[in-house]
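**Q** Those sequence lines, one after another, are chains A and B. Following the working numbering, the numbering of the first sequence begins with 1 at its first residue and continues without gaps. Following the working numbering, the numbering of the second sequence begins with 1 at its first residue and continues without gaps.
In case anyone wonders, no lab produced these hints; they're calculated from the structure. It should be emphasised that the depicted structure is a prediction, and the values quoted were computed from it without experimental measurement. Any given hint could turn out to be false.
Heads up, incomplete: computed chain A residues facing chain B, CB under 10 Å, no partners named [stated by the list, open to error]:
1. 50
2. 51
3. 136
4. 142
5. 211
Simulated crosslink set (EDC-like; lysine to aspartate or glutamate; CA at most 16 Å straight-line) [as the list claims (entries may be wrong)]:
6. 92/B <-> 209/A
7. 68/A <-> 25/A
8. 27/B <-> 140/A
9. 80/B <-> 119/B
10. 27/B <-> 4/B
11. 16/B <-> 30/B
12. 92/B <-> 193/A
13. 46/B <-> 36/B
14. 16/B <-> 218/A
15. 16/B <-> 107/A
16. 123/B <-> 211/A
17. 92/B <-> 211/A
18. 16/B <-> 35/B
19. 27/B <-> 110/A
20. 212/A <-> 94/B
21. 92/B <-> 206/A
22. 110/B <-> 209/A
23. 100/B <-> 209/A
24. 110/B <-> 206/A
25. 27/B <-> 122/B
26. 110/B <-> 107/A
27. 212/A <-> 4/B
28. 154/A <-> 90/A
29. 100/B <-> 211/A
30. 46/B <-> 72/B
31. 16/B <-> 100/A
32. 100/B <-> 218/A
33. 27/B <-> 100/A
34. 123/B <-> 107/A
35. 27/B <-> 113/A
Quick reminder that beta carbons are idealized off the backbone N, C-alpha and C, glycines included.
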Amino acid sequence: MPDTPLAGEAALRARLDRIRTRHPDPAPEAVAEVVRAVLATLEGDLTATETALLGEVAELGRTIAAAKAEIAALRVQDINVNHIPSATDELDAIVAHTAEATESILETCETLDRVAGKLAVETQRELSAQLQDATTRIYEACSFQDITGQRITKVVATLKTIEAKVAHIIAAFGDRRRDAESGPLPEEPPVEELLHGPQLPANAMDQTDIDKLLASFD
Amino acid sequence: MTMDKSMNVLIVDDYKTMLRIIRNLLKQIDFNNVEEATDGGEALSKLRAGSFGLVISDWNMQPMTGLQLLQEVRADARLKTTPFIMITAESKTENVVAAKQAGVSNYIVKPFNAETLRDKIEKVLGHA
C-alpha cells in the first residue's frame, strides 16, 4: 500500500534528520558536486522548471565556494596571529614605559621635597615654598599615568573581544580543521556594574558638576 | 579649632604610583601618618585592626571595589562614622549617586589637583 502524503513527508523529514546527523556541516562545494551528479543522471526525466531550480542550487554552491576562497585569500587569520597580539604588546609596553618614567619623576620630586624641607628650616622659606609648589604641580601631572593606564586597559579588552570574534569567523568560514578546536564563541567577560573607567572629556562630569550633584543631596 | 593632622589616614588604590602621588600630596599638607592598602579587602583589615581618622579610596579595584569597601565601612559599628573620600576616574552620575547613597563623605574625580584634595579633606573633617 503506497504511503499517504503525510507519511511520505514524515519519512522524508526523518531521512533528512539522519543525513544531518551523519553530515552536520557539509561543504558547499560537495553539495554543488552532488547536485551536478544528480542532474547528470536525471537529464531527460526532469521538467524545465526542475532543471532550472537544480541549476540554481548548483550555482549557489559555486558562489559559496568562491566566497570562501575570497575570505581565505584575505588572510583574516593574520589579524589574530599578528596584528592584535602586536597591538596589545605595544600597548602593554606603553603602560610599562610610562609607569617607569613616572616612578623616576616621582623619585626626583621626593628629593626636591626633601631639599625644600631643609631650606624651610633655614632662612630661605620663599625658595622652599616655590620648590614645593613646583613639586605639587608635578605630582598632580603624574596622575596622568593612572588615567592613561585605565584607558589602555579598556582598549586592550576591546581588542581581545575582537580577537575572539575574528577567531570564530575564521573557524566558520575558513579552515574547517579548526572547527572542532574553536568551539562556541567565548562569553564576553562580565562588565562589573558601575565600573566604566575614565570617560572621554566631552562626556565626563567635571569636579564642579560632581560637587553640584553631591550638594543636591543635602 | 584646628584640623588634627596627626591622625592616621588610610589611602587605598590598586595602582602603586597613585598611592605614592596621594601620599606625597598629603605630606605637603602636613598629613604624615599615612598608611596604604592596594585593595578593599586589605583596607578593611587595616581599618579593623587600627584607628584611622580618614579613608581616601579609589573605586576601581579587584576583588573588593572602593564602593564595596565603603559599604562595609558603613555597616561596621566601629567604623561607620569614619570620613570616607572616594577618588576615582568614574565620573558618571550613577556612580556619584551610588557612592552618596552608600554614605560617601566626598567624591573627587581623577585627574585632580592638590587644591581639590585639600579642600575636600577640610570639608569632610569639618573645617571648611
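**Q** Each hint should be assessed against the structure and marked as holding or not.
**A** Comparing the hints with the structure gives:
1. 50: 62 Å, violated
2. 51: 64 Å, violated
3. 136: Holds, because the Cβ-Cβ distance from residue 136/A to chain B comes to roughly 5 Å (cut-off 10 Å).
4. 142: 6 Å, holds
5. 211: Check passed: Cβ of residue 211/A comes within 8 Å of chain B, closer than 10 Å.
6. 92/B <-> 209/A: 10 Å, holds
7. 68/A <-> 25/A: Satisfied, since the Cα-Cα distance of roughly 14 Å is no more than 16 Å.
8. 27/B <-> 140/A: 14 Å, holds
9. 80/B <-> 119/B: 22 Å, violated
10. 27/B <-> 4/B: 14 Å, holds
11. 16/B <-> 30/B: 21 Å, violated
12. 92/B <-> 193/A: Holds - the C-alpha atoms of residue 193/A and residue 92/B are around 12 Å apart, at most 16 Å.
13. 46/B <-> 36/B: Satisfied, since the Cα-Cα distance of roughly 9 Å is no more than 16 Å.
14. 16/B <-> 218/A: Violated. Residue 16/B to residue 218/A sits at ~34 Å, over the 16 Å cutoff.
15. 16/B <-> 107/A: Judged against 16 Å, a Cα distance of about 13 Å means the pair holds.
16. 123/B <-> 211/A: 12 Å, holds
17. 92/B <-> 211/A: OK: residue 92/B and residue 211/A at ~13 Å, within 16 Å.
18. 16/B <-> 35/B: 12 Å, holds
19. 27/B <-> 110/A: 11 Å, holds
20. 212/A <-> 94/B: 14 Å, holds
21. 92/B <-> 206/A: Roughly 10 Å between the alpha carbons, so the hint for residue 92/B and residue 206/A holds.
22. 110/B <-> 209/A: 13 Å, holds
23. 100/B <-> 209/A: Between residue 100/B and residue 209/A the Cα gap is close to 14 Å, so the pair holds against 16 Å.
24. 110/B <-> 206/A: This hinted pair holds, its Cα atoms lying about 9 Å apart.
25. 27/B <-> 122/B: Distance ~15 Å between residue 27/B and residue 122/B Cα, so the pair holds.
26. 110/B <-> 107/A: Between residue 110/B and residue 107/A the Cα gap is close to 22 Å, so the pair fails against 16 Å, i.e. violated.
27. 212/A <-> 4/B: 28 Å, violated
28. 154/A <-> 90/A: It holds: about 14 Å lies between the C-alpha atoms, which stays within 16 Å.
29. 100/B <-> 211/A: 11 Å, holds
30. 46/B <-> 72/B: Distance of about 13 Å is within 16 Å: holds.
31. 16/B <-> 100/A: Roughly 12 Å separates the two Cα atoms, so the pair holds.
32. 100/B <-> 218/A: The given pair, whose Cα atoms are some 10 Å apart, holds under the 16 Å limit.
33. 27/B <-> 100/A: Violated - the C-alpha atoms of residue 100/A and residue 27/B are around 23 Å apart, more than 16 Å.
34. 123/B <-> 107/A: Outside the cut-off at roughly 30 Å; violated.
35. 27/B <-> 113/A: OK: residue 27/B and residue 113/A at ~10 Å, within 16 Å.
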